[in-house]
Every structure is written in C-alpha cells, then in structure tokens.
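Student: If you want the building blocks of each chain, they are given just below.
Number of protein chains: 2
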Amino acid sequence: MELKNIMKYSVLAGGKRFRPILTYTVASLYDSEITKVDSSACAIELIHIYSLIHDDLPAMDDDDIRHSQPANHKVFGEAQAILAGDGLQALAFSIISSDPLVDADIKIKLINLLSISSYAMAEGQSIDLSVVSKKVDLNILKQMHQKKTGALLNCCIKFGAILNHASEADLSILDFFANHIGLAYQIQDDVLDVTTSDKVLGKRQNSDSIKNKPSYPSIIGLDESIKTYENLYQSSLDELPKLSVQSESLRSLTKRLMNRAF
Amino acid sequence: MELKNIMKYSVLAGGKRFRPILTYTVASLYDSEITKVDSSACAIELIHIYSLIHDDLPAMDDDDIRHSQPANHKVFGEAQAILAGDGLQALAFSIISSDPLVDADIKIKLINLLSISSYAMAEGQSIDLSVVSKKVDLNILKQMHQKKTGALLNCCIKFGAILNHASEADLSILDFFANHIGLAYQIQDDVLDVTTSDKVLGKRQNSDSIKNKPSYPSIIGLDESIKTYENLYQSSLDELPKLSVQSESLRSLTKRLMNRAF
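Chains A and B supply the protein sequences, listed in that same order.
Here the working numbering is used: the first residue of the first sequence is 177, the next is one more, and so on.
Here the working numbering is used: the first residue of the second sequence is 177, the next is one more, and so on.
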C-alpha cells in the first residue's frame, strides 16, 4: 500500500472539520476571495490529522477507534502510521509554500506560525504523557491544553486574518479570542469525554479517566468545568465587537461550538 | 524531561554532519557571506536527525544504537522518541521561516524544496519497510534510495546555490550532481554496512542482511556495487567544471566522500 493511501485513509475519515471551518469563517469576515484560504485551511487540517494518528499509537494514547473507524495503526501497522503522520506534517508545509495565490511574505508568516504551533503540539503531547497518573495543578493542565489544542486553533483564527492583511489591532483581538476559545474547547472536550457516549464521540467514552489522565473534571469537578468553559466562550464573544469588521458569522460559529455535543 | 532535552540528546549526539557541510561548501562557491546559510544547514540536519530517530523505532528498523550511543527511544521510551522526531520536523520549518537574513521569496523556495524532500523521505522509508524479505529489482531499490537519501542530499546541494541566486543553468548542473552523489552515497552505505565493523560505523554491522533488507550488494554483489558507486561519484565530478563558478572545494569534498570509511 502506497503511503499516500495510508494518509488518505485518515484524512478522508471525516471529523468535524472544525479547524478549516474556523479559518474560512475568519477569512470571510475580511474578504470574499476565498480560494486563497484553501491551502491554509487544508494545511491546518493535515497537521491536526497527523497529530491524531500519532496520538492514537500504542506507545502514546493507545486508542483503537477514531472517527468511528479503526485507528490508522490498527489497519496499516504502527510503522506505516508513524510515517503517515510524518508525511502529513511535511505535506502541510508543501501545500502552503507552493500556493501560487498567496504572496511569499504572507506565506512565510503562515508557515512560521504553523511550524511553531506544530512544535507546541508535540510539546503538549509530551507533557500529557508525562502527567499520566500524576496529581497536577490546574496551571500545568492549562499550559498543556494551550500547547496541545490552543496553538493550532490560534493558527486557524489568525490565518484567516493574516491572509487578508488584517491590522495589528485586529490580530491582537483575534489572539485573545483564539486563546480563550482554545482553552474552552479543550475543557469542553474533557467534559464531553465524561458525559457523551462512544457512538456520538466517534471514540471511547471516559478515555481520560481510564488512562488516569488528569482533566478539568477530575480536578475541579464537572459543574465547575462546565462553568469555566462557558465563561471562556463568553469572554471570547465579548471581544468580537472590537474588531474593525462585522463578525456575526464568527459569533454564531462560536455559539454553535459552545453547544456542541461532540 | 522536557521535550527539547529529548531532542537535544539526539541532535548533539554527533554524526558526520555531512549534510550541513555540503550545504556550506556549495554556498561558499558562490558567496562568502556564510551566516545566511546557518538556518538552512541547521534545518536540513534537524530533518535528518528526526528521520534517524523515527527509523530506529522498534516498529521501524528496531535499532538500539545510533552514533555509538543508545538510540533515542532506548533512553526516553517510544512515545517521547516519536514526539522528539515530530518536534524536530516542525522546528526545521520554524528555523528557516524565522531567519531575518534571508528574503521571503528565497525562504519559500527553500521551504518548498525541504518539505517535498521530507515527504519523499517518509515515502522512501515506507517502501523500505514494505520490501523487507522480498525480492526486488534494482529499479525499486534505486527509487527507494532516491527518496530516502537522495531527496535530502538534493536539498543540501541546491540550498547553497538558491541562497545565492544561482542561475537556472547552475541549478540544473547541481541537480544532476546531487542525484548522482545521492545514489552513490546510499550504495556506498549498503557496502559499508557489509564491510565495516560496528565500532567504526557507530551502529550494527550487517544490519541490512540481518533484517532481510534488499541492498545493492545482495542483488548485484559487493564488487559490482563498489564499481557502481565509484562510477556515479565520477559522473558527478565530471559535471562540476560546467558550473559558472570555481568548484574545487566541492570536488575535494566529493573525493573525501568516495573514500569514506563510515
């Protein structure tokens, strides 16, 4: 089996496509020329999928099911799954760097941000594995979530603005917005892991507690966790009117996120 | 242990540093302003080291020793070794994209070539694993070597020229040169694997035949393999006088490669 088909198995497995949707949504606030967003949206999703393939490996989180189908390594073996992830990471940088619709100076900004985020994701997963079965405080958990999830969400949101030469003021507002919904999203994931069935999640329920992973619910309880992520989403929403552009579509996407079931 | 220290263990383990030396050597043919080569040389070496960490994993080539010290996963475990490789790949693209000494349009050329090569390396390793214990013809072996080793060597050589705005004619000569020494280098590796002791290699002798990996010596014999790589090196050397610049230092580096013992 060729490596590209092993990659394709995971890339076309579905998923919410939340990250590219976010990138297109932010870009659409600024401009309607949406084809120049394609390479960014695609690259971000490929980085996300590569991280899922590696996270699912037996040496890592040892998950057998992803998006309601066997995890990549269950079908193609560990070696090919590792290589599929490696190839997807490289492909993400190829796709942006070869896009003829985007200027070189913008592409360099995107690639710099994406590579820093991808590095942070590896760091975040490294911390995640090192805290299994350990008591950690909320600060370490927050830092880990920031790296594992927040960094790439920050890319999603800022890419849409950078591609359209948004002002520094807008980028700074979007940075605040991104960091808040990034953390909210991950705490919500922790909560959904406890409250949602396997079938709806597309992966195993209670995977955190089964693996003795510290989570927001395990440290501050379920009700407090829900309150925390709802407040974070609300802070993000409160920031949007400060942007130089109308942001109704980003507001409604954020509200849909707040109310997601998986 | 922080991920950066797990990466550092392998990055600072030594090795021949042949790839960065090659990049600096080609760059020095064109220009003396060598600091702008640093990010390229460093990024290429990081990609090389990430590939070694992943290749050594139990699921891949299962090698315990690298550069005369325990392989990364033997010290830090498989999960952290996978993440160290992942982090190094991301870091390579960060380093080039954040270099203030290189123009954006040049950086995009470098990143595009490096990402395509890094992708090819994953494909090459995927083919390598799929042909274990199989009879393959020389063409498949050649294609595999081109992806596993040739692609990154092509980067090393062309980066030095691209950084200095070399002409298309020179780039085309260097492309021929790179493809020939790339294959020569890998066939020579196959030969050295048979003829050189563990101590000199810094890894196990006969690792190809122990793992039932097809190699040039196993297909066409030792003498014919030596003749093949010597001819390839000679063809590369014959190309150099066509360059628009003096190439004595690249010629002597190539001769040293031909005569290397490990």
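FYI, nobody ran anything at the bench for these hints, they're computed from the structure.
Keep in mind that the hints are not guaranteed to be accurate.
Put simply, identical chains are the same to the list, so a pair is met inside one copy or across any two.
[To be verified] With a straight-line cut-off of 20 Å between C-alpha atoms, the simulated DMTMM-like cross-links for lysine to aspartate or glutamate are:
{"#": "1", "residue 1": "Lys-311", "residue 2": "Glu-178"}
{"#": "2", "residue 1": "Lys-387", "residue 2": "Asp-313"}
{"#": "3", "residue 1": "Lys-212", "residue 2": "Asp-281"}
{"#": "4", "residue 1": "Lys-311", "residue 2": "Asp-207"}
{"#": "5", "residue 1": "Lys-285", "residue 2": "Glu-415"}
Student: All hints, please: hold or fail.
Tutor: Going down the list of hints, with the structure as the test:
no. : hint              : result
1   : Lys-311 x Glu-178 : between (43 Å within a copy, 18 Å between copies)
2   : Lys-387 x Asp-313 : within (18 Å within a copy, 46 Å between copies)
3   : Lys-212 x Asp-281 : both (14 Å within a copy, 18 Å between copies)
4   : Lys-311 x Asp-207 : neither (47 Å within a copy, 56 Å between copies)
5   : Lys-285 x Glu-415 : neither (24 Å within a copy, 38 Å between copies)
Hint compliance for this structure: hints 4, 5 are not met, and every other hint is.
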